[in-house]
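From first to last, the protein sequence lines are chains A and B.
Take 1 as the starting number for the first sequence in our numbering and just add one per residue.
Take 1001 as the starting number for the second sequence in our numbering and just add one per residue.
Calculated from the structure, these hints are not laboratory results.
Some hints here could point you the wrong way.
These stretches of chain B come out as covered by chain A in the derived footprint (C-beta under 8 Å, 3 or more residues) [to be verified]: (1) 1057 to 1067; (2) 1081 to 1090; (3) 1093 to 1107.
DSS-like mimics (lysine-lysine), calculated; alpha carbons at most 25 Å apart, straight line [what the hints assert, rightly or not]: (4) Lys64(A) - Lys1079(B); (5) Lys171(A) - Lys229(A); (6) Lys197(A) - Lys244(A); (7) Lys1095(B) - Lys244(A); (8) Lys266(A) - Lys163(A); (9) Lys1077(B) - Lys86(A); (10) Lys1095(B) - Lys84(A); (11) Lys1091(B) - Lys84(A).
Nothing here was measured: the structure is a model prediction, and the numbers come from that model.
Ideal Cβ placement from N, Cα and C applies to all residues, glycine included.
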Amino acid sequence: MKRTTFAAVAAVLVAAPGLVQSQAPAARKGRPLPQEFGRVVLDNESTRAGVPPVVFEHWLHRAKFTCRLCHVDLAFAMSANGTKVKAADNAAGQYCGACHDGRRSMGGRAVFESCRAGAARPLSATCLRCHSSGRDAKPQVEFATITKGLPRGRFGNGVDWEKAEEMGMVKLVDQLPGVSIPRQSLAIQKDFALSPKVQGMPEIIFSHVKHTAWNGCELCHPDVFPAVKRGTVRYTMTEIFAGKYCGVCHLSVAFPMQDCQRCHVKAVQ
Amino acid sequence: MSATGGARVAGWRTLLLAAAIAGATAAPAWPTPARAEAQAAAKEEWRKEFEEVCARTQDAMALPSDELRSLVARCDKLKPVVEQLDESQRKVFSKRLRDCRAVYQFVLDSREAG
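For reference, chain A alone in the conformation it holds in the complex (with noise of 0.2 Å):
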């Protein structure tokens, strides 16, 4: 009875995000390539501008980088087009300007300089490395390339990351000389677990060592789990699947939610 229920909600859980996406105007049907998730386009300014928006793709930046680092250092929002991100901005040193300033270099290979206002006409092949979409932009790091070797996850990147990390194979820079404030490494809270409200469920173990280490605290609180007392807010899947708490990551860039059993782990009692 308690494996037809988990199967049964399990069915659920793979398709309900088919069903959320194809409410979403925007959102493209069925799943995306391994390639193409976390793929964010950026268009705040560039249509506007008279320039193709922009191609973010996350797998190149989260093989090298803690989310941390971006989403709080640099403040990008964890929503896209959240941040409204100018190209002044980036001249300015700031957001993507921060890293690809042109004199800064990762891994021996010199990291290319972002965006300057009134950049002359017709872009050149440096603004179209990120300035592609709709165009047949070939980047000059293959995915294949990045994640060739790299443990397999079944679903997402088709990477698992998080072992990709713990196996040394992944080594994320999280702080930014300049930028970043020097911090001491984070004290670890315990994990904890989570009673899901369906008989028969495993339950979640929610392991915070795994989410600091990447995240920090601010990048989860308040914002996505304002909930100041355990227990007094009743998480849902519905909710999660319409991008609130776990779901504003595991949606659309960290492991998708699909993968059940990635955060369901505790043995049924």
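Here the structure of chain A is known, so what remains is to put chain B in place on it, guided by the hints.
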């Protein structure tokens, strides 16, 4: 001198006087070394304060409540300074300051909620 020529000289005199008054009363259009130094120091000051205040988010859970309240107050004091920055810096540092203040307040609220 003709009447037209006299009027022209008077016009020039008025213009020169206006320029002199404007020059004497307005702030210099370019920074003097002392002024630039003061501006740089002020710039360093807010950034230093920002880095000090927001460096404790990692150990917010372990800080005494009084210290958290003090950090929240320092964030509030810094907010109007950050709001005076140029647009790019203002966007970035307003968010960073808001996020770090929110963590401190969140920990305080969690404690009060028991």
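Outcome of the hint check:
{"no.": "1", "hint": "1057 to 1067", "verdict": "holds (count 6)"}
{"no.": "2", "hint": "1081 to 1090", "verdict": "holds (count 4)"}
{"no.": "3", "hint": "1093 to 1107", "verdict": "holds (count 9)"}
{"no.": "4", "hint": "Lys64(A) - Lys1079(B)", "verdict": "32 Å, violated"}
{"no.": "5", "hint": "Lys171(A) - Lys229(A)", "verdict": "34 Å, violated"}
{"no.": "6", "hint": "Lys197(A) - Lys244(A)", "verdict": "18 Å, holds"}
{"no.": "7", "hint": "Lys1095(B) - Lys244(A)", "verdict": "20 Å, holds"}
{"no.": "8", "hint": "Lys266(A) - Lys163(A)", "verdict": "19 Å, holds"}
{"no.": "9", "hint": "Lys1077(B) - Lys86(A)", "verdict": "28 Å, violated"}
{"no.": "10", "hint": "Lys1095(B) - Lys84(A)", "verdict": "12 Å, holds"}
{"no.": "11", "hint": "Lys1091(B) - Lys84(A)", "verdict": "9 Å, holds"}
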